[in-house]
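Listed in order, the protein sequences are those of chains A and B. Heads up: the first sequence is residues 1 to 593, going by the working numbering. Heads up: the second sequence is residues 1001 to 1286, going by the working numbering.
Derived from the structure by calculation, the hints contain no laboratory data. Computed from a predicted structure; not experimentally measured. Positions of the beta carbon are idealized from the N, C-alpha and C atoms, including for glycine. It is possible that some hints are incorrect.
Label-pair distances were calculated between CB atoms; the ranges are [claimed, not checked]: (1) B:A1023 / A:D475: 51 to 61 Å; (2) B:D1143 / A:A128: 51 to 61 Å; (3) B:D1150 / A:D75: 27 to 37 Å; (4) A:D75 / B:C1240: 22 to 32 Å; (5) B:L1129 / A:S152: 35 to 45 Å; (6) B:S1063 / A:E415: 23 to 33 Å; (7) B:S1084 / A:D478: 35 to 45 Å.
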Amino acid sequence: MTDLHFTDERPDPAEVTAADAAIGDAAVVVTETERLVRSGTARRRGSRHLLLPALHALQHVRGWISPGGLNHVCDLLQVPPAEAYGVATFYEMFRTDDPGHTDPVTHVCVDAACQIAGSEALIAELEAFGTHVRRSPCLGQCERGPATFVQSVAAPDFVPADRDRTMGTVSADAEPHVISQQGDPSLRLLKRVGVVDPTSLDSYRTHGGYEALARAITMGPDAVIEAVAESGLSGRGGAAFPTGVKWRAVAAEQGRPKHVVANCDESEPGTFKDRVVMENDPFSVVEALTIAGLATGAESGWIYVRGEYPLAAARLLGAIEQARGAGLLGPDAAGSGHTFGIEIRRGAGAYICGEETALFASIEGFRGEPRSKPPFPTTHGLFGEPTAINNPETLLNVLDIVSHGADEYRSRGTEQSPGTKLLCLSGRVARPGVYEVEFGITLGQVLELAGGLTGSGELRAVLLGGAAGSFLGPDSLDLALTIEDTRAAGTTLGSGVVMVFTTDVDMTPVVVRIAEFFRDESCGQCVPCRVGTVRQHETLVRMQRAGSITDERMVLVDDIARVMVDASICGLGQSAASAVTSALSLGLIGKPA
Amino acid sequence: MTATETETTVSLTIDGRTVEVVAGTTIHKACEAAGTDTPTLCWAENLTPVNVCRVCVVEVEGSRALVPSCARPAEDAMVVHTDSERVRHSRRMVLEFLGSGVDLDQAKDLARWIEEYGADPTRYDQPDLPAVTINEPVRIQDDLYIRDYDRCVLCYKCVEACGDDAQHTFAIAVAGRGFGARISTEYDIELPDSACVYCGNCIAVCPTGAIQFKSEFDLRAAADWRPDEQTVTRTVCSYCGVGCNLDLHVQDGRIVKVTSPVDHPITHGHLCIKGRFGWRYVHGGR
Ligand SMILES: Cc1cc2nc3c(=O)[nH]c(=O)nc-3n(C[C@H](O)[C@H](O)[C@H](O)COP(=O)(O)O)c2cc1C
Ligand code: SF4
Ligand code: SF4
Ligand code: FES
Ligand code: FES
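Isolated chain A (complex conformation) (with noise of 0.2 Å):
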């Protein structure tokens, strides 16, 4: 082992405190190193995955990351400070300068929803009344924009706007969540929200909690296994994925530990569905990813909950214990003679950390840069373990498989995409929100499902997808939203997003900001994506500037679209041109309104 080398900077008592309370007595160190094969990363094991713990609890603590708490946290993980340095630096969340102030800061999220909500007037309020502001990308609150969020020193983190502040730890205090399709029958993936009190196990059995466990415990592995594939899920947190084929690889890995993971980290500009279900039905989500480790083999689970969601991570945590004082979780899970377990991760602050190899070495204590693939995460994936990861909306479909058979699943939605799909509608519509519908709904449906649209235009725009995603135009309302309906039109239904603008919004602003988001969120590893992303903005605004396109910036923006596509280490590079493009082939830029 080598030694490590420390600058003379000392921790105050408060931060010693704080560490050691977020690294407990796991600091053991072990330093073997294991290669992952071509991948060029070499992850330290042992007490490394602590590193994103202890960063928070130094942050929290005093509002930054100090030399002193660096150096103490690293003395205790045995983590290079400079590495330790170029990981708190990754994330929006953590300062590494003194801010000379203890005050919470508010971040207001500028994202397209919020932008056009009026995101700029609420900051000019906020500093007019002495508030810290930090320009935020999208919150997942994009249903109730502008958007805010709380980080506080040495108090909890908020988010203004809900109204449990309580941090899920008092039921009495939480009043239920309202959804607009409250008490529809049909409903598979939101039944229980707004009717079940996330904070109770109790409440949670009495409207059929666990019993798509039991079923899968008496079921047995490799028919759950069998019932997914036949199911025909597919990922939901973008790529579409078939869920049985990864379950399947993972679950013929023997030899090594495995993990399932939980795909928490939701940062698509546009999205939040996976936040409204973790707060308000957070045991689905333990339950779901407990019949994921058992099904593919793996002890252990992870939840990877972004930084921005304090409710949802403290939900997740109630629903942990209480399924873990129930012996549903821990050895013999359940009964089923196996162990399985859960540890929940916070992200900090950046939306590369859900791409799933950006994720694991976020939880590894790296920086959270993705790594090309092969090897997928099924043979390569947390701490080089074979690793199933999914998203929470893909993790609850399994419940309902699980219970009532592939048959009964793919009852609904089309052939190629069964099944229904949680959208997040937002933007221009009356009754913005999260809607559970069935694969195969058109787009024109679904904005009259949301209300219609409100304001004084008419349709401008939708962008489908996400930020990731691409604009559609007004002879776009027939499109039927199904995987395959999706992809032949060239554009994807991604995280569901469906942000609806109309003909009084200033699109060339909107626009803009994507691209500025991209610069932003770029890892910065790869250089078509790192570059890429600042030139292609660049662009943009010499366009919004001179309100006009020009052949010569066309060319630009082509260019470097087609790099981006192609040679991005990650989907973050490759999708960091789509919606751009297919902005300025609709003529949303440039053309006033």
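Given the coordinates of chain A, assemble chain B with the ligands onto it according to the supplied hints.
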């Protein structure tokens, strides 16, 4: 993957030519075997591939995105194109992107490729909005080596050489994110205060001159850097018994830098402070 463990060779097609290579060989090495030259920047013989620069991409039939040849193993029946329009476009753009943000004047080899692919890094800089560049001051913090991140292409080589791949010192890492990412010590503290042990392995691997010997930097500043007139003498380092090869680069009778051959079985191009900087005693330096 089609290549199985039991097979010892794989056969692939590169630009229409069939090539047979040992299983596990990268596409880049296979291209070399086929006589096809490939630009690389973040790849090095003596470091683990990080495949971040993407200048080496090739088109593999059946793969949606282009593939980094430096890291991807060749597979049986692979059909590879190294000169398709898509490949040429991506390589040109990567070179343009790099040139648009950093100073590539001292980057070995790149000028040739910039010309080959017709890259024009200037077209991003417009009077109505200048293209952002890296814009960092030169860090001169001791008299052994300097860091000029205006030349840094973020190839991660120095980080690897300082860390897992050679030195295990971890004095530097990547900090920040996106275009703001930089090679940095913790809190950007000065090198003498950091974990740096002055092995100079980062200097040896840096492809762009972003890290360089102070002696070279000073001579360049005085417009007196004349590599064509330098002689290189190979010796064995006399400080300890390991037997590292040293290449002494001499200009006007003075040692101006020390390297070690990458193919040397002991050093793999990496040295320690004594071999790398011990010559300074010869000239009465620190
Ligand atoms: C930049 C980027 C961000 C992503 N963010 C998320 C996310 O927040 N949640 C998610 O489930 N998947 C996200 N993904 C997709 C994941 O990489 C992965 O495909 C997904 O978690 C797999 O789960 P699924 O098969 O259930 O969809 C993201 C991908 C990229 C490229
Ligand atoms: S595409 Fe962008 S986000 Fe993805 S690895 Fe490359 S730089 Fe990072
Ligand atoms: S300083 Fe040199 S070796 Fe290090 S990342 Fe930059 S260009 Fe690469
Ligand atoms: S919260 Fe503002 S766009 Fe999502
Ligand atoms: S040389 Fe292959 S990606 Fe850099």
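The hints, checked one at a time:
1. For A1023 of chain B paired with D475 of chain A, a C-beta distance near 52 Å keeps the hint of 51 to 61 Å intact.
2. For D1143 of chain B and A128 of chain A, the hinted distance range of 51 to 61 Å is satisfied, since their beta carbons lie about 52 Å from each other.
3. Between D1150 of chain B and D75 of chain A the beta carbon distance is about 34 Å. The supplied range of 27 to 37 Å therefore holds.
4. Here the CB-CB span from D75 of chain A to C1240 of chain B is close to 31 Å, well matched to the stated 22 to 32 Å.
5. The hinted range of 35 to 45 Å is satisfied by L1129 of chain B and S152 of chain A, whose Cβ atoms lie roughly 38 Å apart.
6. Distance hint check: the CB atoms of S1063 of chain B and E415 of chain A are about 28 Å apart, consistent with the given range 23 to 33 Å.
7. Separated by about 38 Å at the C-beta atoms, S1084 of chain B and D478 of chain A satisfy the suggested range of 35 to 45 Å.
Of the hints listed earlier, there is not a single one the structure fails to meet.
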